[in-house]
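**Q** The residues making up each chain are set out below.
There are 2 protein chains.
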Amino acid sequence: MDIRSLSTSHRHPQDAPYVHKVGLPPKQNLFSEFKATVKETLFADDPLRPFKDQPGSKKFILGLQAIFPIFEWGRSYNFTKFRGDLIAGLTIASLCIPQDIGYAKLANLDPQYGLYSSFVPPLIYAFMGSSRDIAIGPVAVVSLLLGTLLQNEIDDPVGNAAEYRRLAFTATFFAGITQVTLGFFRLGFLIDFLSHAAIVGFMSGAAITIALQQLKGFLGIKKFTKKTDVVSVMHSVFASAHHGWNWQTIVIGVSFLSFLLVAKYIGKKNKKFFWVPAIGPLISVILSTFFVYITRADKQGVQIVKHIHEGINPSSVNQIYFRGDYLLKGARIGIVAGMVALTEAIAIGRTFAAMKDYQLDGNKEMVALGTMNVVGSMTSCYVATGSFSRSAVNYMAGCQTAVSNIVMAIVVFFTLQFLTPLFKYTPNAILAAIIISAVIGLIDFDAAYLIWKIDKFDFVACMGAFFGVVFASVEIGLLIAVSISFAKILLQITRPRTAILGNLPRTTVYRNILQYPEAAKVPGVLIVRVDSAIYFSNSNYIKERILRWLMDEDELVNKSGQTEIQFLIVEMSPVTDIDTSGIHAMEELFRSLQKREIQLILANPGPAVIDKLHASGSAQLIGEDKIFLTVADAVASCCPKSMGEV
Amino acid sequence: MDIRSLSTSHRHPQDAPYVHKVGLPPKQNLFSEFKATVKETLFADDPLRPFKDQPGSKKFILGLQAIFPIFEWGRSYNFTKFRGDLIAGLTIASLCIPQDIGYAKLANLDPQYGLYSSFVPPLIYAFMGSSRDIAIGPVAVVSLLLGTLLQNEIDDPVGNAAEYRRLAFTATFFAGITQVTLGFFRLGFLIDFLSHAAIVGFMSGAAITIALQQLKGFLGIKKFTKKTDVVSVMHSVFASAHHGWNWQTIVIGVSFLSFLLVAKYIGKKNKKFFWVPAIGPLISVILSTFFVYITRADKQGVQIVKHIHEGINPSSVNQIYFRGDYLLKGARIGIVAGMVALTEAIAIGRTFAAMKDYQLDGNKEMVALGTMNVVGSMTSCYVATGSFSRSAVNYMAGCQTAVSNIVMAIVVFFTLQFLTPLFKYTPNAILAAIIISAVIGLIDFDAAYLIWKIDKFDFVACMGAFFGVVFASVEIGLLIAVSISFAKILLQITRPRTAILGNLPRTTVYRNILQYPEAAKVPGVLIVRVDSAIYFSNSNYIKERILRWLMDEDELVNKSGQTEIQFLIVEMSPVTDIDTSGIHAMEELFRSLQKREIQLILANPGPAVIDKLHASGSAQLIGEDKIFLTVADAVASCCPKSMGEV
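Residue numbers (the working numbering), protein chains in the order written: chain F, 1 to 646; chain E, 1 to 646.
There are no misleading hints in this set.
List time: in silico DSSO-like cross-link candidates among lysine-lysine, alpha-carbon distance up to 30 Å:
| id | chain 1 | residue 1 | chain 2 | residue 2 |
| --- | --- | --- | --- | --- |
| 1 | E | K59 | F | K559 |
| 2 | E | K356 | F | K559 |
| 3 | E | K453 | F | K35 |
| 4 | E | K595 | F | K453 |
| 5 | F | K39 | E | K456 |
| 6 | E | K39 | F | K521 |
| 7 | E | K595 | F | K39 |
| 8 | F | K39 | E | K521 |
| 9 | E | K52 | F | K595 |
| 10 | F | K453 | E | K35 |
| 11 | F | K35 | E | K521 |
| 12 | F | K39 | E | K559 |
| 13 | E | K39 | F | K453 |
| 14 | F | K626 | E | K453 |
| 15 | F | K453 | E | K626 |
| 16 | F | K626 | E | K456 |
| 17 | F | K272 | E | K595 |
| 18 | E | K559 | F | K58 |
| 19 | F | K59 | E | K559 |
| 20 | E | K35 | E | K58 |
| 21 | E | K595 | F | K81 |
| 22 | E | K356 | F | K626 |
| 23 | F | K521 | E | K626 |
Stretches of chain F that chain E covers, calculated by requiring three or more beta carbons in the stretch to come under 8 Å of a beta carbon on chain E:
| id | stretch |
| --- | --- |
| 24 | 186 to 197 |
| 25 | 455 to 467 |
| 26 | 511 to 519 |
| 27 | 590 to 600 |
Hints were generated in silico from the structure; no laboratory data involved. Note that beta-carbon positions come from the ideal geometry of N, C-alpha and C, so glycine has one too.
Next up, chain F with everything else stripped away, as it sits in the complex (with noise of 0.2 Å):
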């Protein structure tokens, strides 16, 4: 094989002329390649690095520790975190708690799931989980998606109350099964399918839905919609004004809200107050119940949450369905939430670990998060996964470890045991109130401005998501959110971007002349570069692409009276692969270009293609010598006087 380039151009004056040929990767047997493609796709973190070249013994406990990471921080645990933890720990009980009660309306759940929730999944985290800063509990978005969806299967959630939860329960083990799938077979990367700007639709429009959603408690109206796309709510509101508004609720919660607002705000003005807007929803909540228990508000038409049964999680593996029509039900909405779910703690732990600057494995996370949630199944919760808000103040708090989640499971423990006949006078309207100034923070303006400035398309992909979300409903807006993601890499691998090259003046160097006006263009010769894999997606396409900037080219010689194009250089440094329809693809071209006589070349052709052309035999038709290893190289063999002057 003799594919050498003359390196003329690059010489060095004093040198003599100097020999590269382009290179011809070393062979691989089929085997080894096998397994480097494996590794890179299911094991690009290298997982098993620290087990190499280790004892018995020690291995047993480097995988131990993998399993359960609080055995390797464990053993550094200190005084001084745990008072960061013990802080952190109670800032975020204070705050779970009502958010909890909230949420499980959300879900159509009655309030001790929320709670319960909230009490055995962040100790299992605690000692599966590396992420040092995530709060896990119940969050708003998952509670409305997993309520929506298990409406849509059991249409009284009030009736048949009993089997609503079965199928919640279900769906808990499902996504929690899901879960420990995804990270067990290293699958984690397919929740990257959700791109960011869908996500920050995706929140924001859930966000508006969730607070329209609590109309009905701030307003106190008894009448309320099932769907939740805003022109049902805002029809069912309206239709309400007259009869259906209670002015105490109205009242009690415009207060409250305003107190929270305002709290919200001192927090984001001066860091050193997180603590504020942390503590405000249980203030509200004590100081509302009071008020409402010493003027009993709830005569008057003021909602109140009644009753919340006391102890802590009663088991419920009986309670899964595991055959019967609803398993399979269950399992697709399971499906479904978990991801969802995973999506919004993988992101949470990589923003806090980026932070503090330590590394996250997403897989072993999928893994503790899905066992979290498949024992929580059993113990009567509902999904959880990592709060944003909450999360948030566990960072500001200074927690340390997962030693703060703990801690809040031991609050709500008590809570549970001791505290619950105290919420009997709760008013509704204040947990909407929380809700409300919670999900606030979900909608990200800047977010949407930047995805706006940087990417119109995923601009577009943000807004789809979130206008799905708010007019249709929120399985409708993630089906848009994970289509535009979709379609979006269908056409970067449809139509990738192909550009004509020139020479920068007084260099070897040739770029795109839409990026570099000054960039000229070599007579006679036609430099196209190829901006992505050759594979049967675009293959027919790149090849028409070329031919067309070939015709655009001689249009313009034909009227300018410039040289005739008589090379075509297809500089392939980006193509990084090529499949059999891309070496179709590039031995049509050398046809139709040799009816023209115009020489095809090519220029630096990475490893797998070179190999490729070398294997189909393209290679020698298209010529050996007609492969340089650079642009300019190929250049100087078409026009050997026009380039002796550089």
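Using the hints, position chain E against chain F.
**A** Chain E in isolation, oriented as in the chain F frame:
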């Protein structure tokens, strides 16, 4: 904005230093950017180019010619061309008549429906199609697919013949609608998602399945399975071995199959004798029919065609289901069958267009094929498309234009009107032999071997589709083919390649050190090339992969005691685009490196990337003086002394 890079390393010795900045492309407004994207996605072939700068009347004629290309090529039609078309038309007619009768059986329809489908659709296509070589009519694979899908809905195609037929027309109607829609909305690129490799495997598998199905007619078996997988079929065959086989049938079948295969071999050996395999089937039919007629072998259990309805296509407009349950089922089947039919026709069209070097407009072709199927569904035809075997014969017989299809249609017309009674005594075994000899050509060992040599992943797709069809069903095979094709795309997107670059001795060229073992790393500098656009689907992976390269390099450095890494250069030439997630990943990478006191440097970001780096403020974060035109410039900026000697 002052992103300038001193391209010192490229400067010509006798010149002063020359400055090139990293180009920031001219700002486009949103609308023109959007227009460019839509144009490149949907109108990549620039279909309106000939209409530019033409007067109104000329535009009308051009438009007419665009829809009916016959008005374009018809004007230069002459007797020489007609002679070619006449011979080709007669040849393909002699081939299609026996094939049609057999293929109709594959679709579980009466024989005349095969002939109907070779009468109307070719006529329509001749006016609207732009391929000169394709031969239109029913084809084996689509007939089998349609038969299988229809039988999934209607179990007993004989007992419920009328209902089954109506559903077949409905499916044909929607197949046509699908094809027109794809063409009209210029979504033709969607069929590119079935990769060449998958098609090779699918076609070979379908060929074997079809051949196995023929064992029924070939061996004269009466009770035969309705499944198409090899296990069920072989079970059926051997279960009936004792009493179900008919030796007279086998004698007829084997002798004529041998004759057909010998004819095929002669045609292959010497291209001049292409007509031998082409008229072989008709001769077999005539001889065997005559033989059965005089020996009355049908009384000995040799199954015969018996009755073909006389006369041309009756109208079937009223038979299409436009409402009810079958509407949706028909539409679903039609979409699948229409897509597969399209894939076959477009592949054939492109192959022959490349051979004769004319352009084929894929989207226009789809409109033509779709229209012909819509009209076909109203005139008792089932899905027709381009046939591999007949198109090849058409080409070799010297066809010049689509007139050969008209000639064929006229012959079929006479056959339907006057000759159908002659087929009464044609033995089914002959039809089986003809189909077997026709589909054998679809099994493409050479292509499969080439795929194996070029791309192992493609080979997996090919084999997956093949075994799916053979051991399960055509649907499963198709599903596997599409899934593997998609998986490949997703893999490409989520796990792009990265490479470590080194300096080729005595040049300023930096190349992958795995491909060029002579390339030398620069001490203290790690140069990573990212080989893909950075999108949400891979941004996290790319960030972590780069950090892992750094870790690996650090280990090496520690072992060998070289200079520690102080600079990380990311070569961004192949990064054609970046989205918001990608920008975030770059910023996270920058921060991670900052904590390790390593300087991040970017080399040659493309127009879209530099634009977005500026819009998001990342360029300022990283430092505009850390963005260079070439890797060589970037390296020069890190360690001026080490580069001094080049």
